[in-house]
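What follows is each chain in one-letter form.
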Amino acid sequence: MNQATNAKPAQMKKRRTITKTDVQQFLLHGRAFIALILVTVVFSYLVPNFLTPANLVILSKHVAINALLAIGMTFVILTAGIDLSVGSIAGMVAMIAGGMIREGVILPQLGIIIYPHTWMIVVLALILGTLAGALSGYVITRFNVAPFIATLGMYYVARGIAGLRNNGYTFPNLVGRPEYGNTGFEILGAGNFLGVNYSIWLMVILAVVAYIVTRRTPFGRHVYAIGGNERAAELSGVRVSRTKVIVYSISGFCSALVGLIIASQLVASHPLIGDAFELNAIAAVVLGGTSLAGGRGSMGGTIIGAFTIGVMQDGMVMLGVSSFWQKVIKGAVIVLAVIIDQVQARMQERIALQKQQEMAAVEGS
Amino acid sequence: MPELSPILDAAVVDSDNVILSAENITQVYPGTVALDDVSFHVRKGKVNVLIGENGAGKSTLMKILAGVQRPTSGKILLDGAEIHPRSPLEATRLGIGMIFQELNLCDNLSVVDNIFLARETTRRNGLIARRLQKQRARELLRKLEQKIDPDELLGNLRIGEQQIVEIAKALAQDVRILIMDEPTSALSAAEVEVLFRVIRELKSHGVAIIYISHKLEELMQIGDYVTILRDGRKVAEEEVKNVSLSWMIENMVGRNPATLFTREERPLGGVLLKAENLTLPRAGGGYLLDHVSFELREGEVLGFYGLMGAGRSDLVECLAGARPQATGSIWLDGQPVTATTVLERIQSGFVLIPEDRQHDSLVPTLSVMDNMLLASLRKYLRGLFLAPAQEKSATDAQIKDLSIRVANAQQPITALSGGNQQKVVVAKGLLTHPRVLLLDEPTRGIDVGAKSEIFAIVNRLAAQKYGVIFVSSELKEVLAMSDRILVMSKGKITGEFTHQEATEEKLVAASAIGHGPSNGGNHHESGN
Numbered sequence: 000m001n002q003a004t005n006a007k008p009a010q011m012k013k014r015r016t017i018t019k020t021d022v023q024q025f026l027l028h029g030r031a032f033i034a035l036i037l038v039t040v041v042f043s044y045l046v047p048n049f050l051t052p053a054n055l056v057i058l059s060k061h062v063a064i065n066a067l068l069a070i071g072m073t074f075v076i077l078t079a080g081i082d083l084s085v086g087s088i089a090g091m092v093a094m095i096a097g098g099m100i101r102e103g104v105i106l107p108q109l110g111i112i113i114y115p116h117t118w119m120i121v122v123l124a125l126i127l128g129t130l131a132g133a134l135s136g137y138v139i140t141r142f143n144v145a146p147f148i149a150t151l152g153m154y155y156v157a158r159g160i161a162g163l164r165n166n167g168y169t170f171p172n173l174v175g176r177p178e179y180g181n182t183g184f185e186i187l188g189a190g191n192f193l194g195v196n197y198s199i200w201l202m203v204i205l206a207v208v209a210y211i212v213t214r215r216t217p218f219g220r221h222v223y224a225i226g227g228n229e230r231a232a233e234l235s236g237v238r239v240s241r242t243k244v245i246v247y248s249i250s251g252f253c254s255a256l257v258g259l260i261i262a263s264q265l266v267a268s269h270p271l272i273g274d275a276f277e278l279n280a281i282a283a284v285v286l287g288g289t290s291l292a293g294g295r296g297s298m299g300g301t302i303i304g305a306f307t308i309g310v311m312q313d314g315m316v317m318l319g320v321s322s323f324w325q326k327v328i329k330g331a332v333i334v335l336a337v338i339i340d341q342v343q344a345r346m347q348e349r350i351a352l353q354k355q356q357e358m359a360a361v362e363g364s
Numbered sequence: 000m001p002e003l004s005p006i007l008d009a010a011v012v013d014s015d016n017v018i019l020s021a022e023n024i025t026q027v028y029p030g031t032v033a034l035d036d037v038s039f040h041v042r043k044g045k046v047n048v049l050i051g052e053n054g055a056g057k058s059t060l061m062k063i064l065a066g067v068q069r070p071t072s073g074k075i076l077l078d079g080a081e082i083h084p085r086s087p088l089e090a091t092r093l094g095i096g097m098i099f100q101e102l103n104l105c106d107n108l109s110v111v112d113n114i115f116l117a118r119e120t121t122r123r124n125g126l127i128a129r130r131l132q133k134q135r136a137r138e139l140l141r142k143l144e145q146k147i148d149p150d151e152l153l154g155n156l157r158i159g160e161q162q163i164v165e166i167a168k169a170l171a172q173d174v175r176i177l178i179m180d181e182p183t184s185a186l187s188a189a190e191v192e193v194l195f196r197v198i199r200e201l202k203s204h205g206v207a208i209i210y211i212s213h214k215l216e217e218l219m220q221i222g223d224y225v226t227i228l229r230d231g232r233k234v235a236e237e238e239v240k241n242v243s244l245s246w247m248i249e250n251m252v253g254r255n256p257a258t259l260f261t262r263e264e265r266p267l268g269g270v271l272l273k274a275e276n277l278t279l280p281r282a283g284g285g286y287l288l289d290h291v292s293f294e295l296r297e298g299e300v301l302g303f304y305g306l307m308g309a310g311r312s313d314l315v316e317c318l319a320g321a322r323p324q325a326t327g328s329i330w331l332d333g334q335p336v337t338a339t340t341v342l343e344r345i346q347s348g349f350v351l352i353p354e355d356r357q358h359d360s361l362v363p364t365l366s367v368m369d370n371m372l373l374a375s376l377r378k379y380l381r382g383l384f385l386a387p388a389q390e391k392s393a394t395d396a397q398i399k400d401l402s403i404r405v406a407n408a409q410q411p412i413t414a415l416s417g418g419n420q421q422k423v424v425v426a427k428g429l430l431t432h433p434r435v436l437l438l439d440e441p442t443r444g445i446d447v448g449a450k451s452e453i454f455a456i457v458n459r460l461a462a463q464k465y466g467v468i469f470v471s472s473e474l475k476e477v478l479a480m481s482d483r484i485l486v487m488s489k490g491k492i493t494g495e496f497t498h499q500e501a502t503e504e505k506l507v508a509a510s511a512i513g514h515g516p517s518n519g520g521n522h523h524e525s526g527n
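Those protein sequences? They're chains U and P, same order as listed.
With numbering that gives the first Met the number 0, the residue at position 151 of the first sequence is 150, and numbering never jumps.
With numbering that gives the first Met the number 0, the residue at position 124 of the second sequence is 123, and numbering never jumps.
If you are wondering where the hints come from, they were derived from the structure by calculation, not from laboratory data.
Partner residues aside, some chain U positions facing chain P, computed with beta carbon under 10 Å:
(1) PRO217
(2) ASN228
(3) ALA232
A short list of chain U residues far from chain P (calculated; beta carbon distances all over 10 Å):
(4) VAL41
(5) GLY110
(6) LEU130
(7) PRO177
(8) GLY180
(9) GLY194
No residue lacks a Cβ here, since even glycine has one placed at the ideal position from N, Cα and C.
Okay, chain P solo, but in the shape it has when bound:
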């Protein structure tokens, strides 16, 4: 099979429109292989779509093209000549611009200063040509059909407006290749329409667009070529007009997750956790969590589905005690929970497996064992001191139970693969002897094998009468794993489905309540 793929590639690549190509890129991080021998071709005047699940390696590949990161091996060709962009500035000079998923803007500067940051237009005396810059900024914003004052402080803008500024910033660079990493995640339907018009205009000027998005319908609308990554490898490259939505999903997922993650039917116990009117105010007004109430039973896996920013992570963080501003009432086993801090919540039986492993879960400077025991250290005390024998036996038991692959428990945590790191985090949680497990995207950025192992663990824990709250953005996973699914949108619960009732369509529909339509077809504008 592998021998066939170059020919297959060649057929698609053949059109000599390729302006930029990444050849055999491999990127190794401590703990994971993010990209494994990936080649990617960008065609002039086309929208080159890149898709894949979370952790498939899309953002890494883009960071390499934009000069943010240097690959472990492989090369980048621009117009057939090899280039080595060492910084985003260098990449821009070569004509490659990028709109980042996480906005790279300075809140403390004005819109115009942001647009021209690091490429200020100067007069002959070396001072910034303010009037000229402002004029150009105004033109760009007009093109994007936005009423944004160029002198406004960026921090005062709505997040959607900030995204527009980020786009204007990239346009100001007169790039030949423009990378857009999830450019529409914070845009309203009307704004998306404007963006698409701008993209079509750029195409007509011969600009090559690299477009990354999770919204597949959007890609069908705007894309010309599609490349699919899965677990760090390229699995398909095709013209968009030749493919269907289901083909894309199939290649992205590469399997039917329902067959990998089988839920076991089990009897549910009594009500374990009851939450009423959980509320968390948003800093700029409104709510991150808007009076959320629900119940969780013993042995139940309760799925929470929703779009980014729907409030699912805020909900589990509230339950874990990590959000002191939260209000509302919680009962565990019928007893009101009065604990407020993270430590007290852990002691009363809540434990959070956070969404962002690197940022919120792991201490990279500590060993596997020290990471695993961090939340339950007091259990291994003998008098004033930690008893190494007990620490070791607790660690070894978890390593065996969760089949964590390590050479020894003293290994640095960074030497483990993503999946094994995640299992260490789960073990850390289990060692606190919780009643309620709060799993926030527990399968993010780990490979398929590790995913199904994590799900086997969840199944086992549910059978042992733990209550499990399972937050996921992956429809198939949440459908396959949950006894019951709650859908959230804009801080509210907008749908509740039993395992039998739930379908992908119902979940997606419920998750869009309160949002504008994404296809721009019918224009009932969202609340903001």
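Chain U extracted, bound-state conformation:
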């Protein structure tokens, strides 16, 4: 009798508190998506024709560039690292690729010039970007240099090489020549499949692959573990250094891809391609709910974050917001994102505690 009366309030209490915790957790996990819906609603209200298919395709094309960088950046940030060099690597790769199309590969010893096929140029450029990332990763792991410093170095070096390649000048008109067999570079930027630009397809494919890699492969699990507790990962047999080098290589690969896409879209390589893109990429990752402290976050969130920034940016342009105000707002959003990151970490801790107390209450009753 006594037991029955005791059990009831305990059960009711349990149901109520779990619901509260669940709501909080839902809001925390869904915060990136909620933010995206919010900005979309705001801009579709302020800007006529914002939600038309044509505009959405243009928007996605803009987003694709940032999203590709942000996918690589997510891997890096999940290991509690940072990659400041992505924009510069994009610029360097674009200049090297543009140079190969315009001037070929000169072998002075043999006195000949080789004009590689376009696909070879693309592959070489991707390898170059990957190696640049790998070098950052190697410096970070082998010499225990802070990721911020190592990639800051790469940021300058890669941008410098981009300028050096053609003395600061642009490689214009990258259409190639049929007799050299290096035409078709512009297709990467301009080509469509099912009416959707290649760059958008690339974003979708990479996002899906990255999602599966983070969720369903040992490598992905290792990335999360390193960000959560590097020492524990190490003692569990995770090859931490190797994993980190791969992570920065992935980021370098994504950067190279972006450099190629932009050069192809412009049909020209400019040494300043990708300038300051790293900040947009970091902002997308953080807006997507990935913790800068590492170990927490998701690819899905990053894509949502990239779209949030894209919607804001395009929306402000269409609204005619001055570029100065755009910068002010973008800056505020980045800081806000980090604040949210901090607050949510604390809240998650509190919720974990709350959950535990709920469990204890259940066990005790």
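Got chain U; can you put chain P on it based on the hints?
Chain P alone, transformed into the frame defined by chain U:
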């Protein structure tokens, strides 16, 4: 029974000498209740001793008093008025200073800069009064009878000297209440004597000392009042003159561990692991491990006992491949082990359950399942991808086998109690299918029930022909669990005892070889 305790407390507390008191302090961490409704009284001009086993909550309580941490509930009274120290600086302003167990000093600053850190003496123009500070530092160090140059860089000092600086730093603050958390752990016998003289002088000036130590003989010598914590609860408070050593141990342990952890007799197999001349150099010269050799048989639980820094953890980390600088030879099943990295050692059959769960074992951002599978992920691959069904069945089997209490395997690991977290770590190790289990203080910071469960698991594994190396600082546990015990001191094996031969006295004596005597009675100085 509970109704009696307030009266009992009142009798002891009654003397109106209480200057600082913590009332009904509760501290909840994700995973554990560190303190459960603990009250603690500090008397003026006395040495107030606080003792308890590892994980009993002593350090947590001190951190709360020193303003490092805020309690979940409960209050702190200073001279009868409630205070809320929010930072160590605020606590110092209230007259509460603390000497931390893990030294809180900056290697890159000079001794004098360390002593006056965050409370620099300034001249009227706002610049640091260097000469005055140096003079005061010299006086303090003279009082501690040390020949330490105030201008020396802290990083260049011996660890014992650094501890002296930490003490000087606390003395420089003119505190009314001084918390000392294991102040003698790195001191030689002569230095301990000096410290005790300083403590007696402070007492005569009315300073209240809170003294935490594992060296019980030392407490009998210097303590006035003793408070005992066990598993986050206060179990006793008494005047030191009324109590005996055995009373303290009994209250600290609260049980006879020998009855909780019963070792099963089992036949031992052949030699499973043989280690020869394991050597690990110390960064500043000398050895962490000094040519250590031993054998481990199939189904054997081999205990390693020793004091802090004796090299036991270094030994198991070497075996686990976590110390690349180590040299020496290892044979497993008669085959030389050539693997060097942690991963390769795991693949050849070694697995380490590290001492520091939070720091070395758990990934707090991952779920119970992801933590458990981290070391054996390749076993659940189907093609390139992890197969969720296999991951789940492996996890569920371990949860059932080790009776880990979780709501579901997707729960964050931080939501588990310490004991259950430790079982997840053990499960992570077992899933790699090891031959040799390296358990480094596997029962640290977990409650009694979980401890005896962990030991039941160890017994079962030994019966299944695993070789178990069991490192522990708890005499009773190591005596109860081990088939054979090796004692280490200063990187060497200084004693070997079978289960039948081993006694507490023998282990303690062997663990002190190479150290100076702790009671300062006879003065054969240690090697350094």
